[in-house]
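One line per chain: the protein sequences are P and A, in this order.
So that you can map any letter, position 108 of the first sequence is 577 in the numbering used here, and since no number is skipped, the others follow by simple counting.
So that you can map any letter, position 45 of the second sequence is 59 in the numbering used here, and since no number is skipped, the others follow by simple counting.
Since no wrong hints were added, every one of them can be taken at face value.
Only pairs whose alpha carbons sit at most 30 Å apart, straight line, appear in this in silico DSS-like list of lysine-lysine:
hint, chain 1, residue 1, chain 2, residue 2
1, A, Lys24, P, Lys554
2, P, Lys554, A, Lys25
3, P, Lys716, P, Lys530
4, P, Lys531, P, Lys481
5, P, Lys530, P, Lys554
6, P, Lys553, A, Lys24
7, P, Lys553, P, Lys531
8, A, Lys38, A, Lys24
9, P, Lys530, A, Lys24
10, P, Lys530, P, Lys553
11, A, Lys25, A, Lys38
12, P, Lys554, A, Lys38
13, P, Lys553, A, Lys38
14, A, Lys25, P, Lys553
15, P, Lys481, P, Lys716
16, P, Lys531, A, Lys24
17, A, Lys73, A, Lys25
18, A, Lys73, A, Lys24
19, P, Lys531, P, Lys554
20, A, Lys38, A, Lys73
21, P, Lys530, P, Lys617
22, P, Lys531, P, Lys617
23, A, Lys25, P, Lys531
Keep in mind the hints are simulated off the structure, nothing from the lab.
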Amino acid sequence: MGRLTPLVTSLKTLNITYQTPQETLLGTPETLPTSEPGTPQIGYTVASDGLPSFDLPPYQKKFVAVLIGAGKFVTAGTVYYRMKKNGASVATGSNSVSANYYYTWNCYFYDVAVGDVLELALWSNQTDSNWDYKAFQIQVSRLIPFNKPRLLMPCNFAALGTQPALTLGNPTVTYSSLNPYHCDLPLPSITAANLYGVLYPNLYGMFRIGFGDSSYPNTATVLTSSTYRPRYYRNWVPTQIIVRGLKTEGQL
Amino acid sequence: MNLTLDTGIKKDLTGAEIATLDNKLRTRIPQLVGWSYSPLTGELTLDFGEVEDEALKQKIESWVAKGDSKRKLRFELMEMVKQWVD
Chain P
470 MGRLTPLVTS
480 LKTLNITYQT
490 PQETLLGTPE
500 TLPTSEPGTP
510 QIGYTVASDG
520 LPSFDLPPYQ
530 KKFVAVLIGA
540 GKFVTAGTVY
550 YRMKKNGASV
560 ATGSNSVSAN
570 YYYTWNCYFY
580 DVAVGDVLEL
590 ALWSNQTDSN
600 WDYKAFQIQV
610 SRLIPFNKPR
620 LLMPCNFAAL
630 GTQPALTLGN
640 PTVTYSSLNP
650 YHCDLPLPSI
660 TAANLYGVLY
670 PNLYGMFRIG
680 FGDSSYPNTA
690 TVLTSSTYRP
700 RYYRNWVPTQ
710 IIVRGLKTEG
720 QL
Chain A
15 MNLTLDTGIK
25 KDLTGAEIAT
35 LDNKLRTRIP
45 QLVGWSYSPL
55 TGELTLDFGE
65 VEDEALKQKI
75 ESWVAKGDSK
85 RKLRFELMEM
95 VKQWVD
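Working from the sequences, and respecting the hints, build out all of it.
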């Protein structure tokens, strides 16, 4: 039977900074075509200066791109979408929109990297529907601060925020809580700072963000409103995590 | 209320195929608000919106809860998808 030899790191503070979302409200709405456009109306390229930044480089991280497209239907109809990553289809679908309602597609691309081209094509079965709003932001999920030691004692989600924070158009928000994990098992979701005595991040890291990882990875969901555009989801995300690593003989 | 089914088909749909599938789904399930299909996973997610109709709610919940009913629904959808793929 082996003897455990703890090796404890100093208490380390990891600060995460999220970049301001790219956001555009067209002065003149563009009419949606009645068949799929050859070139998607909305497109962004993942750039290094658009990624969340870390003051301590983490061992593992997965980037999630949030892409939002919105517009309005005059006549009730159906809006179709296709998400593309580097020219390949990621997800397709449709949604009903009532007359004189705004629609907002909330699209999530899981596991993106610098240079990826992410696009959203929109079309409609009505001739008097349009789009006029787009936004883009990169978030981070499945973070692991160190490989060895992996065991964290403690793991303090010291500060949380919500992202993306959109301002143009007439926005309204629904929030999605943060999902911490221990040994790939989900802990109760949180919307405020929380201290865990022990946490072992594995495949799912210390946490998964709500929209884009826990829900709707590489797909989209639509929200409609008679008043608000964009009507979108904001994730609770950590902005500061304070941890100490503890290494033991064996694997932890 | 959403219902996700694994179609087992990972196919990149054309715009025309999306229109055909949309028409077939909405004809067969008039209460459908929206749907999404992933060619990466083959998953088809049916979105029934905020279901207030108690009968529909119970019907969807029974599809989700009862394996046999879910398989039956999957079979019916697969027949539609097959028609469209063929």
